[in-house]
Amino acid sequence: MNEMINRRSLLQATGALIVTFSLMPDAGGAQPASLAKTVSPDRVDGFLAIDIDGAVLVYSGKVDLGTGVRTALTQIVAEELDVPMSQVTVIQGDTALTPDQGTTFGSLSIQNGGMQLRRAAATARRALLAKAAAELRRDASLLAIRNGVVVSKNELDGRPKLPLGALVGGTSLALPLDNDAPLKAPADYTIVGKPMPRLDIPDKVTGRFTYMQDFKLPGMLHGRVIRPSGIGATLVSYDETSINHIPGIVKVVHINNFLGVVAETEWSAIKAAQQLSVTWSKWEGLPDEAKLWQHVRGTKVVRDDVTSNIGDAAALRAATRKLSATYDFAIHTHGSIGPSCAVASFVGGKLTCWTASQGVHDLRKQLAAMLAVENDDVRCIYVDGAGCYGRNGHEDAAADAALMARAVGGPVRVQWMRADEHGWDPKGPPTLVDLRAGLDQDGNVIAWESELFIPDGIATFVDLVGADLAGLNSLGKLSPGGVLNDLAIPYGIENVKTTAHRLESTPLKPAWIRSPGRLQNTFANEAFFDEIAAQTGADPLELRLKHLDDPRGQELLERLADVSNWRDRPKPDRSADVVIGRGLAYVKYELVRTYVGAVVEVQVNRKTGEIAVVRFHVVHDCGQIINPDGLRNQIEGNIVQTVSRALKEEVTFDRSMVTSLDWASYPILTFPEIPDVVIELIDRPDQVPWGGGEPSAAIVPAAISNAVFEATGARLRSVPFTPAKVKAAIGAT
Amino acid sequence: MAASRLNVNGATVSVTADDPDTPLLYVLRNELGLHGPRFGCGLGQCGACTVHIDGNAVRSCITPLSSVNDGKVVTLEGLGTDERPHPIQQAFIEEQAVQCGYCINGMIMQSAALLTRAPKPTEQQIKAELANNLCRCGTHLRIVRAVKRAAGI
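Line order of the protein sequences matches chains H and S.
So that you can map any letter, position 579 of the first sequence is 759 in the numbering used here, and since no number is skipped, the others follow by simple counting.
So that you can map any letter, position 145 of the second sequence is 323 in the numbering used here, and since no number is skipped, the others follow by simple counting.
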């Protein structure tokens, strides 16, 4: 226990620091390093602190993007430490306080981040019991923590009880994190696995919650950006006198092609940005939207990534019957309801920046590079924003705010306008997949081959728009996300080869949007698998089961068949104008984790081409469930959002710029169009928890396409499934 | 700099705005510190900024301050508090009808206006009423359940 050094003053200072920064932020820039708590992910005190009242502070590098993960992480720590949830507070995403647990993406917050917290709490629990044993002169094995109090296990009455606050009040949990510290048995759980109400909801429904967009500093000014008329256009001139009539203008900030205006009030900043007379050069470097897929196919391939190679690819050429098809998936925007927002303060060469970034530690590096200062001179702090579903514009807004704060010397808040968000957030890139399959004379699938056309790169630094326009380095690279995942298939087929052609460029700057790559690849794979079933006269479910050598996957599909009544589903009546059909899709996420299967019922109007998605049955197995209601909420959201993407969404552009700049030109699903969603959760308390954030999105487009096929015989291979495409596909049958 | 008097959440307040065209949204958020209404689009397309004026749900992002006059403005904060939530806020809590929650102000304000007009709406009516309120997280099913719960249907 000698490792638990007394650091009361530091702990108090840390507590004060937190209060300072969450409630009454210090506009004076980043904190001196001497005050910093450790942010090491290898130390318990990187993640946890217990104050003198027994309150537990959790320092989480993973942040709540509106998914409810704050509540789930609270449950994990409360459970493992045996303290009530009400005693636990999660501090999220702060480069000065929270370990770098990686960007909050990829459905990893619980699977990775939560498990780090669980092990930190388990390490702490063991140390706390050992310390209590010494103080109480009892064997640690006879002690337990109950509700934040150390008690004797067997003789609860009449024995001394030692609250954690009294036990370690004024000390820091300065211990190495032991990955092998014994974990609580899931059978003893009282908090994990329960549908605990979300901690943030009461404040969110009464207007008391502080979103990033509500965050204020004393003396804060308001900035707005003025973006070029074309993505690559350059600034020719602007006339400051054109906004002379607007009161409270502080400065027009001009750095190369970066243009922003700072004003005393938000409305003045908005008006100034709208009314500033600016001339941009003509730039028409985007491809012809009508020939997007030719453009993608014609883009230079810089590398081939073979994501699976089983058996002999030549088997396809020898097959008796062959099928081939091409699937494409449109460019999508994140479409956050609240446009991106950031507040920055740049004082004495040090930047403090608040924004709803998925990854404050990475953002710090980008902002430091942009401003040519040291990483230690930048502090980035997460404040909850509107849902982002990936890398939206929050990092870019941070760069805008930083550039304007540096220019005016005071704190500046930048919120993007709707057109900034729709126009300049990085986009889910256009995705094209060619598929081929070979059958033997008995109709057995003997070969599968696919070729994906996707921009090069992984999920790393996405160029900051403001830095790019200002001609400053922000470490940016082509960064579409983990787009190769789920190109390989979960089915046992003798000869399989799946290849990703990595493209040198893509028309609009890419980044990850919910289930990047997995969504597009699963659409292609699961719809094409359905095509094989149709070709061979096999039932889509039975053909999947036949090729699945995975008991957990088989169990999931059997349960899906039961809950959706798949095997007794009625035959579609194609004599009617409106035909009902059902489709099925399945994914084993990245082939190594969460299983999802779904059956959807659709109504297709053969005359108008309109699809009404009536009901989704979803069966979901992500191992141990932390909060079943939170998980259901997330799955419902994935289904509804991805129905929207599959049916409606497509970023449009001319040769200069994105043209879908509002909700009229980029419509999303509305209330009268939402499907019912019926969810069956498979809970496996004794297994590790896998991600639930996005896997259930991946099966949606294929399930709908397959259902439309069952209804009409028309195969939809191009997202979005607009009425025009549906009518054309029906006409072609 | 003109001073205006507004009736907001039952109280008469004085606000200053140099431009009578200033949308009510910015006055509520920045002068009165009322964060329930939110900026979503500034175009009246998404509903995140919805407030009540004389009981009607209106988009505060496209409502000029000068048009409010003596209209009685109610924001999300004026409906109820954490301690004493309005029945519809309580229903949203019970149904856990929030993901990121950025749109939820509009969902609650729009639904509250509906329930005043039509205390027992059908599910179809609820969906039609909310057709111009956008949610990106896909919380629609829970929102509809919450409104039904509040209406006791």
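Warning: the hint list may mix true and false statements.
To be verified - With a straight-line cut-off of 27 Å between C-alpha atoms, the simulated BS3-like cross-links for lysine-lysine are: (1) K396/H with K545/H; (2) K828/H with K305/S; (3) K530/H with K657/H; (4) K374/H with K326/S; (5) K396/H with K374/H; (6) K787/H with K828/H; (7) K311/H with K341/H; (8) K787/H with K751/H; (9) K305/S with K787/H.
Think of the hints as simulated: they come from the structure by calculation, not from any bench.
Each hint, compared with the structure:
Between K396/H and K545/H the CA atoms are separated by roughly 24 Å; this keeps the pair inside 27 Å, and the hint holds. For the hint linking K828/H to K305/S, the alpha-carbon distance of about 19 Å falls within 27 Å, and the restraint holds. For the hint pairing K530/H with K657/H, the CA-to-CA distance comes to about 25 Å; that is within 27 Å, so the pair holds. Distance restraint check for K374/H and K326/S: the Cα-Cα separation of roughly 25 Å lies within the 27 Å cut-off, and the hinted pair is therefore satisfied.
As the CA atoms of K396/H and K374/H are separated by approximately 36 Å, the hinted pair breaks the 27 Å bound. About 18 Å separates the Cα atoms of K787/H and K828/H, which keeps this hinted pair within 27 Å; it holds. A distance of roughly 13 Å separates the Cα atoms of K311/H and K341/H; the hinted pair therefore holds under the 27 Å criterion. Distance hint between K787/H and K751/H is fulfilled; the C-alpha atoms sit about 20 Å from each other, no more than 27 Å.
Under the criterion of a C-alpha separation no larger than 27 Å, the hint pairing K305/S with K787/H is consistent with the structure, at around 25 Å.
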